[in-house]
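*Asks:* One-letter residues, chain by chain:
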Amino acid sequence: MNRNHPILIVLALLAYAAMSGGVTTGVDRCTYVFEKDFGGVPAPVSYALRKLNEQGIIATELEVQPENGLGEIPVQDRVAVEAAGSDLPILIVQSGDTVTAKVKAPTTVAQVAEAVGVAIEEPK
Amino acid sequence: MPDSLNITFDDKLLDYVHKVDTGYTGFEKEDTTENFAAAGFVDFPDQYWIEPKDWEDKARENDKYGTWPEDYSNRFTNQSPTHECTCHCLVQCCEIAWNKQRQSKVDAVWFSALGGTYEEANPRIRGGASVRGVLKIAMRRGMVPEHDGPAGKGTQAAKFKFTRAGTMGKGNATQSKGEWLAFTKYPSDYENTSRHFRPIEVINIASWEQHFCLLLHGIAVGNGRSGHSIPHVRAVKRDGKWYSRYKDSYDVFRYDSISAVRSGVNAAYGIASFTRPDDWSKPAGSDMK
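Here the protein sequences line up with chains A and B, keeping their order.
Residue 143 is where the first sequence starts when you use the working numbering, and the numbers rise one by one after that.
Residue 533 is where the second sequence starts when you use the working numbering, and the numbers rise one by one after that.
I should point out that these hints are in silico values taken from the structure, not numbers from a laboratory.
Ranges of calculated distance between the beta carbons of each label pair, as one might list FRET restraints:
| hint | chain 1 | residue 1 | chain 2 | residue 2 | range |
| --- | --- | --- | --- | --- | --- |
| 1 | B | Gly572 | A | Ala261 | 37 to 47 Å |
| 2 | B | Leu545 | A | Gly168 | 48 to 58 Å |
| 3 | B | Lys814 | A | Gln207 | 18 to 28 Å |
Just so it is clear, the structure is predicted and the values come from calculations on it, not from any experiment.
We put the beta carbon where it would ideally sit given N, CA and C, even for glycine.
Please work from the sequences and hints to get the whole structure.
*Replies:* Structural data, given as structure tokens:
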């Protein structure tokens, strides 16, 4: 059996994922954490988050001190809030509860795409 | 609508004043920037200020990236012939705030104008409610979802423990209509549902320029002027002049001039932050069917 077989299979899967627009990075959550007193969310970042949602990644804008219905930090946001600290605004990228990337004050689609490891086309 | 800086609209849609009472008559004394501040609404954030000379660039950016408040709105509502206007306006502003933070409409929730918050604000049914009054109720106990949802008729009634008809008015294909339920007859645990849908921070708008700045930042602006409360969702230009486009609760877009926007500043607000669920697929958490 060809010992390069497993490598070829991985390459084939990556190529298929790239062609089909699927996500292969393991990233499943991306949060732009901001404080309104430091400014709003840049439009290209909002757009990029929306595109990530279309790829199956939960991507949201989060103003600091978020609350769920019980007045607590929402369970799904706890990792991002802790990782963000007070260094705002910041993009927190996660795979499960693991933070895989942090980007301080991103302003472009490309910065978000690079942090997540996916392709996001600029709107025409 | 690709080019917000070069739009056309019929003059009949400009600075429109309803000939009938829509529910915002006589509340000018209650709805003031001073009373909004006393109610805990926060000042306009300095960092949200955009110099008017830069508005066109920001508008082009919103066109390009689809980041106007209008882009986060799911639907029209129709209040005719009721006095529910401040609550239809509030419903739009809350739904836009929810969808904007989610950056998707996939987990949209439709709120009821009756349950959020008209049935509590005005037990007399007729006569309307103030902007400040309905906002304070929403911030205290939250919005009640309506029976219908983005997935169809009755879909929200099937998943939330408490829902209300969208309106006692005409409604439409995206808003359920139904009978009045006195607030005193709400189930004792209704807040287990509504508490999950609360505005947390509300911005107190102090000038017509701040109104436009919030639209340019993707935040809907609710206000009250000329006897009617309306949700503004986009800044547009026609023949070189700025206008504020709003989703009137009569299934139609209309437009306010700067003069009309200025007249509504005392009762103008934007929702800066909204509650978020533990899990977007369960927007009311464990308080779901």
